[in-house]
Every structure is written in C-alpha cells, then in structure tokens.
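Enquirer: So the protein sequences, as listed, match chains Y and P. Position 233 of the first sequence, counting from 1, maps to 233 under this note's numbering, and the rest follow consecutively. Each number in this note's numbering corresponds to the 1-based position in the second sequence with 295 added.
Bear in mind the hints are in silico, worked out from the structure with no lab data behind them. Computed from a predicted structure; not experimentally measured. Don't be surprised by glycine CBs; every beta carbon is placed ideally from N, CA and C. One or more of the hints may lead you astray.
Said to hold, decoys possible - Facing chain P, from chain Y, some residues (calculated, C-beta under 8 Å): (1) GLU5; (2) GLU21; (3) ARG25; (4) VAL32; (5) GLU34; (6) ALA36; (7) THR47; (8) ILE258.
Claimed, not checked - When the alpha-carbon atoms are kept at most 30 Å apart in a straight line, the in silico DSSO-like pairs for lysine-lysine are as follows: (9) Y:LYS69 / P:LYS382; (10) Y:LYS69 / P:LYS394; (11) Y:LYS69 / P:LYS391; (12) P:LYS305 / Y:LYS69; (13) P:LYS366 / P:LYS382; (14) P:LYS312 / Y:LYS108; (15) Y:LYS69 / P:LYS376.
Letter by letter, the chains look like this.
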Amino acid sequence: MEYLEIAVPNIDGEAAEAVCELFNRYGHGGAVMEAAAPAFDRVTVRTVIPADDQARREHIEMMLALIGKALPHGLPAPQFTRIGETDWATAWREHFQTIRIGRRFVIKPSWREYTPVEEDIVIEIDPGLAFGSGLHPTTRLCLEIFETMDWAGQELFDVGTGSGILSIAAAKLGARRIRAVDIDEVAVRVAQENFARNGLADNPSLVVETAVGSAVDAGGRRWPVVVANILANILLELMPHLAAATAADGRLVLSGMILEQEAEVTAAAAAQGLVVVDRRQEEDWVALVVQRKEA
Amino acid sequence: MAKKVKAVVKLQIQAGKATPAPPVGTALGPHQINIMAFCKEYNARTQNMAGTIVPVEITIFTDGTFSFVTKTPPASDMLRKAAGIEKGSGEPNRVKVGKVTRAQIREIAEVKMKDLNAKDIEGAMRQIEGSARSMGIIVED
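Looking at chain Y on its own, in the form it has when it is part of the complex (with noise of 0.2 Å):
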C-alpha cells in the first residue's frame, strides 16, 4: 500500500497534544512524535492515511485548521510527502549486519557477503516482513538450545515459524523432516523463499512441509521436538496443543516470553505433565526446554 505522511512540524507541547488526538482518531496505524537535539521542546508529530483516500486528507487538514483557529499561536502548515511501500518496508535493512549465535551460527541476510570458516553453519535469511531476524533474544536463546541437541534424523515442528529461521537451523544441524506453521500468510511465503534460498527444497534426505496454521495443525503425528518462539499468552492459549503435538519422549521448545511470564508458563506446561528439563535466559528473555516427566 502506498502512504501520505502528513506531519505538523515544529510545534511545542499543547498544540501536540491536540495534533496526536487527531491524528489517531483519523491516521492510519496511530501517531508519531518526535523531537531531536537540540530543541527537545520543540516536536513534529506525523501520521498517514492510504495515499489515495482522498475525503480523510480533507477531513484531517479541515480539521487542523479548526485546531490552530484555537491555539494561541497557532498551527504551521500541514507538510505532505507520499511513501512508497519500499521506502519503509527495505529502510533499515542498511543496518541489518551478519551476526554470529552461539558456536557455530552465522545469520546473514542475502545482501550481504560473508565467506563460511570451518565448521560455521551459515543462515542465509531475508526476513522482511515476518518475524524471526535472530537478532532478537527470543531466536538466538532457541538457536542456542538446537545447538546442544542431537539433530541426527530428528524431526522438528515449528510452530509460528516466522522467517523460518529455527527451521532452517535444525535442517543445517542434521534434521530430516520439518513442518512450519504460522497463523500469517506473509509469514509462510517468507519462510518458503528462505528454505528455498538455504537450499531445503532440494534436499533429497529432507522432508519439508509447510502450512498456514498453528499448534492444531500438527500434520496428524507427534513430533521429537517441537519448538513455539512466539509469546507468552500464546503460548499458554496453545499450550494443550504444544504438548499433544509432542511425542511421549519429545522435547518442547518454548521461546517468547519475559522473566515475569516465566512462572505461569512453567505451571501452564506443568499442568499438561511437562517439566522444565533446560532453561535459557538473556536480559529478560527466557527460553525453556520441557518434556513430559516419565521420558
């Protein structure tokens, strides 16, 4: 979708605030303020609205020059700059640099060059609009566990699989068979065309299923290992679900969530008969590993 940005340039507090009211009843997606050194009382706050409705642009400048009609000094002319949909979907890209995770994984994105050293297992991943770069905690914490474990013929389900990265990962690490779901659409496209660029679709040995769905959607098995690197809440909603996708001895890899959720996962999981058999934190992010207390 292309985009008006429509932004109230340098403008001091009390006329924000009323510019920020309009703009979130009328823009698209909410409102932005912003100010920069050296005059941090000065701001210009910014919305958007669709490039083409034109009625709301109307409505929304109408609506401005009633605002600065009550203001004592007044309003500055509304500034419009039309957005295209790459200019903010491939922005900070720039920044996004090839990352090293635990021992042995270098993530780097497909615009960047990066020459493999020994034993280095490289992801090549293009996040764009799903989730999962590995920079974020909650990926390089589940990263870090598939590390330790034996991926030898095993078999992964990747629940709310993202840019695929986790999956990519088990596959590299030896996995043979894997199925990813997520609940988005953009998400699973995403994760194909990486599997794709990481060479997963011509893996003779390796079976690759993908699927628009969540944890109920376990393609009618268990499965070894089962990863979920979402969110807390959703983890617990899905929780049932994780645990009767699990095999009897599987390992459930849960991701997502912050320090104070820790315990009502943990008593979510208990209460499907799983134990915490590993743990991960960095900062506030904790990983868990559970599995169900006879295995």
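Chain Y is already provided as a structure; the job is to place chain P on it using the hints.
Expert: Just chain P now, with coordinates in the frame of chain Y:
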C-alpha cells in the same frame, strides 16, 4: 559518561499491534532501529492491554542504541472508554456526548498520575476533568 540523546520519538499506537508499516517504520527507520525487534518488544509488553492505545517513548542515542518505556494510555482514550462513547464531541460547549462520574475521573487520574505534571491526585483529577469537558463529556458527582 551518560549517553548523548539524539532524538526522542513518541508513538501512540494500539497495544499489541505494532507493525513495521508506517507510521512506525517511517518514524524508526531513519534512526537505524531494528523495527522488527522493536515491534516484538512492544507487542510482548502490551499484549494484555489490547484495545487500548499504549504510548511508547523511544530514546535514541548518538551511538545507535535505543531504549523505550511504555506510558499510560491518553486521557482521552480512557475517558471515551469510561463514558462508553466512540469519540468526543466536535462542539464540546454545545453538544454533550456522554457522562462520567467523579469516581471514574479519580480512577483515571490515579492511573495517569505518574505521567502528569500534577502535585497531588486532586490536581491530576482537575486535568482529567478539563480533558473530559473539552471532549463534551459531563462530569457528575
């Protein structure tokens, strides 16, 4: 030595719904912030407040690092919810669109207290009452 602040960006967005699309992407992209990482953090920390605007203040330092804190929802958002209305009045002097009780004003003031320039709860309540009046919401005892 304290880090030097380059810019402060405040976003007013729906709890749990930050995406890399504008206006978030256009606001944070130029500051070299990993937008995906920010969205995930914001959504994780606000997921229990769905349906509410949770402002977030992002401080960007000259060394390229950033920190952020979430703020309390705008008074107008909380007043709309308390009065059970979609939006405030276009002509607050003449057209009244809803009512709130003084007890509701106190509840909102207590939540907003830490983000307001008020000496005590009475001062905070007066500010919230002012916002209510400017939206065409009547305050009742």
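Enquirer: Hints first: check each against the structure and report whether it holds.
Expert: Structure-based check of all given hints:
Proximity of Y:GLU5 to chain P holds as hinted, the smallest CB-CB distance being about 6 Å (cut-off 8 Å). Annotation: Y:GLU21 was flagged as interfacial toward chain P, and the flag holds, the nearest CB pair being 6 Å apart, inside 8 Å. The beta carbon of Y:ARG25 comes within 6 Å of a beta carbon in chain P, closer than 8 Å, and the hint placing it at the interface holds. Checking Y:VAL32 against chain P by beta carbon gives a least distance of about 4 Å; that is within 8 Å, so the hint holds.
Because the smallest distance between the Cβ of Y:GLU34 and any Cβ of chain P comes to about 5 Å, under 8 Å, the interface hint for this residue holds. Below 8 Å, beta-carbon pairs count as interface contacts, and Y:ALA36 has one with chain P at about 4 Å; its hint therefore holds. Residue-level restraint check for Y:THR47 holds (minimum Cβ-Cβ distance to chain P is 6 Å; threshold 8 Å). For Y:ILE258, the suggested interface contact is upheld, since its CB lies about 6 Å from the closest CB of chain P, less than 8 Å.
A threshold of 30 Å between alpha carbons decides the hint, and for Y:LYS69 with P:LYS382 the separation of about 21 Å falls inside it, so the pair holds. The straight-line distance between the Cα atoms of Y:LYS69 and P:LYS394 is roughly 27 Å, inside the 30 Å bound, and the hint therefore holds. In summary, the hint linking Y:LYS69 to P:LYS391 is supported, as the alpha carbons are separated by about 22 Å, within the 30 Å threshold. For a cut-off of 30 Å, the pair hint linking P:LYS305 to Y:LYS69 stands: about 25 Å separates their Cα positions.
Between P:LYS366 and P:LYS382, the direct Cα distance comes to roughly 21 Å. Compliance with the 30 Å bound is thereby established for this hinted pair. For the suggested pair P:LYS312 and Y:LYS108, the alpha carbons sit about 28 Å apart, so the restraint of at most 30 Å is met. Of the pairs offered as hints, the one joining Y:LYS69 and P:LYS376 holds, with about 28 Å between alpha carbons and a cut-off of 30 Å not exceeded.
Comparing the model with each numbered hint stated earlier shows that all of them hold.
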